[in-house]
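Student: Keeping their order, the protein sequence lines are chains A and B.
Residues 56 to 170 (the working numbering) make up the first sequence, in order.
Residues 102 to 217 (the working numbering) make up the second sequence, in order.
None of these hints come from the bench; they were simulated from the model.
Where a beta carbon is used, it is the ideal one built from N, C-alpha and C, also for glycine.
Possibly wrong hints are sitting among the right ones.
[Unchecked claim] Below are the DSS-like pairs computed for lysine-lysine, each with C-alpha atoms no more than 30 Å apart in a straight line: (1) B:K204 <-> A:K135; (2) A:K134 <-> B:K204; (3) B:K171 <-> B:K204; (4) B:K139 <-> B:K204; (5) B:K204 <-> B:K104; (6) B:K204 <-> B:K117.
[Said to hold, decoys possible] Only part of the chain A face toward chain B is listed, based on derived beta-carbon distances under 8 Å: (7) W62; (8) N87; (9) L99; (10) L101; (11) D140; (12) G142; (13) F143; (14) T158; (15) F161; (16) P163; (17) R166.
Now for the letters of each chain:
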Amino acid sequence: SQTIHQWPATLVQPVGSPLSLECTVEGTSNPNLYWYRQAAGRGLQLLFYSVGIGQISSEVPQNLSASRPQDRQFILSSKKLLLSDSGFYLCAWVPPGLASIDTQYFGPGTRLTVL
Amino acid sequence: AQKVTQAQTEISVVEKEDVTLDCVYETRDTTYYLFWYKQPPSGELVFLIRRNSFDEQNEISGRYSWNFQKSTSSFNFTITASQVVDSAVYFCALSEENTGFQKLVFGTGTRLLVSP
Numbered sequence: 056s057q058t059i060h061q062w063p064a065t066l067v068q069p070v071g072s073p074l075s076l077e078c079t080v081e082g083t084s085n086p087n088l089y090w091y092r093q094a095a096g097r098g099l100q101l102l103f104y105s106v107g108i109g110q111i112s113s114e115v116p117q118n119l120s121a122s123r124p125q126d127r128q129f130i131l132s133s134k135k136l137l138l139s140d141s142g143f144y145l146c147a148w149v150p151p152g153l154a155s156i157d158t159q160y161f162g163p164g165t166r167l168t169v170l
Numbered sequence: 102a103q104k105v106t107q108a109q110t111e112i113s114v115v116e117k118e119d120v121t122l123d124c125v126y127e128t129r130d131t132t133y134y135l136f137w138y139k140q141p142p143s144g145e146l147v148f149l150i151r152r153n154s155f156d157e158q159n160e161i162s163g164r165y166s167w168n169f170q171k172s173t174s175s176f177n178f179t180i181t182a183s184q185v186v187d188s189a190v191y192f193c194a195l196s197e198e199n200t201g202f203q204k205l206v207f208g209t210g211t212r213l214l215v216s217p
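The following block holds chain A by itself, in its conformation from the complex (with noise of 0.2 Å):
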């Protein structure tokens, strides 16, 4: 069965830190894989996506990165953090195929606090 991973859980960074968030797939191959942010008490707001390696398309315009070195890990960077950077960062997998219309799977999610 495919299970999708997310570290850190949590994380506390001082502002103008960089910032390192891995999401890892497992038991399955070619997945679109997307990065997304939850603001406090707020929605989901679609950060980067990836229909495969190298491949990352960014939704807006912003003080984060996205890369994807490996089939199945998406990796969330930031040189410099800023304080609206905080909140929930969730990683999503859609299986390979009818990516276009079938479901995305969610990973556990990174809480990130910056001071």
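Chain A is fixed; fit chain B onto it per the hints.
Tutor: Okay, now just chain B, sitting in the frame of chain A:
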């Protein structure tokens, strides 16, 4: 443009009450998909249901039921005989058929509090 509206920010009920969470969507496409996700306090989004635009049959899964009405662009979710474990934030989402990737548009969520 796609849009999902969940007008109810928070609902409080007592255990065993029935509760309906509203979802209204906007889309120009004739082919689209609607989803409901549950976000318990732990934070992980749990998939509940997916519906395509050509299937307007209501669905029932245990205490959960969904009413899809294209005429009113609504996809409402009812929990019968609510339980404390149903306490969570519930999100409705919409996606249009696209080539190569799926883009979900989420509503802002409805927080459901079920008290004993």
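Student: Does each hint fit the structure? Answer for all of them.
Tutor: Taking the hints in turn, this is what the structure says about them:
For the given pair, B:K204 sits about 28 Å from A:K135 by alpha-carbon distance, which is consistent with the 30 Å threshold. About 27 Å separates the Cα atoms of A:K134 and B:K204, which keeps this hinted pair within 30 Å; it holds. A threshold of 30 Å between alpha carbons decides the hint, and for B:K171 with B:K204 the separation of about 21 Å falls inside it, so the pair holds. A distance of roughly 18 Å separates the Cα atoms of B:K139 and B:K204; the hinted pair therefore holds under the 30 Å criterion.
For the proposed pair B:K204 and B:K104, the alpha carbon gap of about 12 Å is at most 30 Å, so the pair holds. Taken as a hint, the B:K204 and B:K117 pair is broken in the structure, with Cα atoms around 36 Å apart against an allowance of 30 Å. The beta carbon of A:W62 is not positioned within 8 Å of any beta carbon in chain B (closest approach about 14 Å), and the interface hint is therefore violated. For A:N87, the suggested interface contact is upheld, since its CB lies about 5 Å from the closest CB of chain B, less than 8 Å.
Nearest Cβ of chain B to the Cβ of A:L99: about 5 Å, under the 8 Å cut. The hint holds. A distance limit of 8 Å between C-beta atoms decides the matter here; for A:L101 the minimum to chain B is near 7 Å, and the interface restraint holds. With its C-beta approaching chain B no nearer than about 17 Å, A:D140 sits outside the 8 Å limit, and its interface hint is violated. Hint on A:G142 is violated. Least Cβ distance to chain B is approximately 11 Å, over the 8 Å limit.
The beta carbon of A:F143 is positioned within 8 Å of a beta carbon in chain B (closest approach about 6 Å), and the interface hint is therefore held. A least Cβ separation of about 5 Å between A:T158 and chain B falls short of the 8 Å threshold, and the interface hint therefore holds. With a least beta-carbon distance of about 4 Å to chain B, the hint placing A:F161 at the interface is held under the 8 Å criterion. A hinted interface residue such as A:P163 counts as satisfied when its beta carbon comes closer than 8 Å to some beta carbon of chain B; here the least separation is about 5 Å, so the hint holds.
Taking 8 Å as the C-beta cut-off, the interface hint given for A:R166 holds, the closest approach to chain B being about 7 Å.
Of the hints listed earlier, those the structure fails to meet are numbers 6, 7, 11, 12, in rising order.
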